[in-house]
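J.: Put together the whole structure using the sequences plus the hints.
Those protein sequence lines, which keep their order, are chains A and B. The first sequence begins at 1 in this note's numbering and counts up one residue at a time. The second sequence begins at 331 in this note's numbering and counts up one residue at a time.
Simulated from the structure, these hints should not be mistaken for lab results. Small disclaimer: the values here were computed from a predicted structure and weren't measured. One or more hints might be untrue.
[Unchecked claim] Using C-beta positions, here's what the derived DEER-type ranges look like: (1) Ile47/A x Arg369/B: 18 to 24 Å; (2) Val233/A x Ser419/B: 44 to 50 Å; (3) Arg369/B x Leu77/A: 37 to 43 Å; (4) Pro17/A x Glu394/B: 17 to 23 Å; (5) Gly372/B x Gly165/A: 27 to 33 Å; (6) Gly393/B x Val178/A: 36 to 42 Å; (7) Pro410/B x Ser197/A: 50 to 56 Å; (8) Ala11/A x Tyr363/B: 52 to 58 Å; (9) Leu77/A x His411/B: 29 to 35 Å; (10) Arg156/A x Val373/B: 47 to 53 Å.
Beta carbons: idealized from backbone N, C-alpha and C, even for Gly.
What follows is each chain in one-letter form.
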Amino acid sequence: MSELDVFSLAANNLFSPPVLAFVLGLIAVSVKSDLRLPEAFYQAISIYLLLGIGIKGGVALRNAELADIWLPLLVTLALGLTIPVAAFYLSGVVTKLDAVNRGALAAHYGSTSLVTFTAAMVFVETSGQFVEGFLVTLLAVLEIPGIIVGLLLASRGRKNAIAWGESLREVLAGRSIVLLVGGLALGAITGSRGFASIEPFFAGLFTGVLTLFLLELGIVAGRRLKDIRTAGVGVVVFGLTFPLLAGFLGVAGGLLSGLSVGGAALLGVLSASSSYIAAPTAVRLALPEASPGIYLTASLGITFPFNLIVGIPVYYWLSQSLEGVLSWNS
Amino acid sequence: MELVERKLLTIVVESALESRLITDLGEAGIRGYTVTTARGAGVRGQREGDLQGGNVKVECVLGEDVAHTIFDLLHRQYFPHYACVAWLSPAMVARGENY
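T.: Here it is as structure tokens:
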């Protein structure tokens with residue numbers, strides 16, 4: 001496919017239905033609309049997306065060779081441990097937050113956002129670029145370690161012990177992991193043959209459902225924006241710059257581990273994204289002194305919109321640009 | 331049917347803490363409770379409309395002494411850092427031996 005410059009890529013991304021729906025959600029909040037997706041419907045869509053992504057990834061996993069996977073898996077694990085540590089220390093550079101709040105941020109930025117990944121996958125695939133299907137496995141790998149490392153870093157700033165059992169149980173038995181890992185297993189077992197029977201539902205309808213989901217997320221993110229004032233400039237700077245650093249690490253790691261341009265771009269997205277479902281729950285239970293006004297605002301109000309609108313095309317462009325330099329598997 | 335006097339304890343807390351609160355109530359000897367979904371705002375600030383789904387309201391009928399134990403627990407572990415309020419009101423119930 002022809003190499004588009006970063007602005008054409010950004011325009012393609014911005015004018016796609018999911019991202020436009022997100023912007024519509026932001027606008028709805030700004031005009032004080034009462035628009036909200038019904039709670040049950042929103043929950044149903046998130047189950048659909050999680051399971052769908054998991055199954056598709058599982059089908060791809062079954063078709064993949066171990067030789068293609070093991071190095072990216074290793075690199076992903078390394079990223080899962082490095083990024084939260086980097087977030088913990090770099091947030092101390094641009095903000096005056098204490099260890100507990102920085103650990104909370106580290107837990108969020110060390111983990112991933114399924115929706116950002118999904119939107120990025122849709123973007124890269126509609127650009128005609130190939131993406132390794134087993135990227136979803138890397139998503140599953142990146143979810144948990146970041147949260148654990150973030151909580152560990154924060155625990156050094158607290159007097160009381162952390163409620164590890166409760167937090168980890170919430171995350172590991174939570175909807176995200178069960179559907180993602182279960183979906184992977186389901187897809188791997190049923191394979192392409194089995195997937196053909198559900199393809200119209202999980203593949204054909206996918207982008208449309210994602211559009212609805214992002215509409216709601218635009219509304220939720222829009223409501224978070226007013227907390228930016230109390231969060232402070234440092235948090236805003238962190239929320240806008242750290243994803244670029246983490247995204248660069250992910251893209252570079254992806255290319256070096258032999259992933260395609262599309263695959264490395266997605267690993268960059270995974271690295272740059274921050275969780276706002278799994279991590280906030282774990283952090284709320286384990287770190288009560290950490291302020292949601294900081295970590296949730298950063299993750300959902302600043303980084304998520306940034307990644308969705310600006311980040312995705314930028315990491316893809318980075319991957320294209322660095323391919324000649326770093327990739328040995330083209 | 332004779333009604334006896336007990337207390338109704340109502341606790342509103344962020345929904346992420348529902349399991350923990352129910353466990354703590356169980357450990358204090360409270361076996362019966364009702365949970366409803368709630369939303370709102372507190373005097374200390376924000377906390378509305380998160381993805382986590384707002385708040386839950388937990389109600390249970392109990393004796394006054396148990397109520398004070400629960401209030402101590404809330405004071406130590408919930409009020410300081412979580413969005414949580416609780417109030418006690420009088421209630422007349424049948425089958426008072428259950429509470």
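J.: Compare the structure with each hint and give your call.
T.: The hints, checked one at a time:
Separation of Ile47/A from Arg369/B is about 22 Å and conforms to the stated range, judged on CB atoms against 18 to 24 Å. A beta carbon spacing of about 46 Å between Val233/A and Ser419/B agrees with the range 44 to 50 Å that was offered as a hint. For Arg369/B and Leu77/A, the Cβ-Cβ distance of about 39 Å falls inside the hinted range of 37 to 43 Å, so the restraint holds. Hint check: Pro17/A to Glu394/B, Cβ distance near 58 Å, so the stated range 17 to 23 Å is violated.
Under the hint 27 to 33 Å, the C-beta atoms of Gly372/B and Gly165/A, about 28 Å apart, fit the expected range. Under the hint 36 to 42 Å, the C-beta atoms of Gly393/B and Val178/A, about 40 Å apart, fit the expected range. Range check, Pro410/B to Ser197/A: Cβ separation about 53 Å, and the 50 to 56 Å hint holds. Judged by the Cβ atoms, the range 52 to 58 Å given for Ala11/A and Tyr363/B holds: they are separated by roughly 54 Å.
For Leu77/A and His411/B, the hinted distance range of 29 to 35 Å is satisfied, since their beta carbons lie about 33 Å from each other. Judged by the Cβ atoms, the range 47 to 53 Å given for Arg156/A and Val373/B is violated: they are separated by roughly 32 Å.
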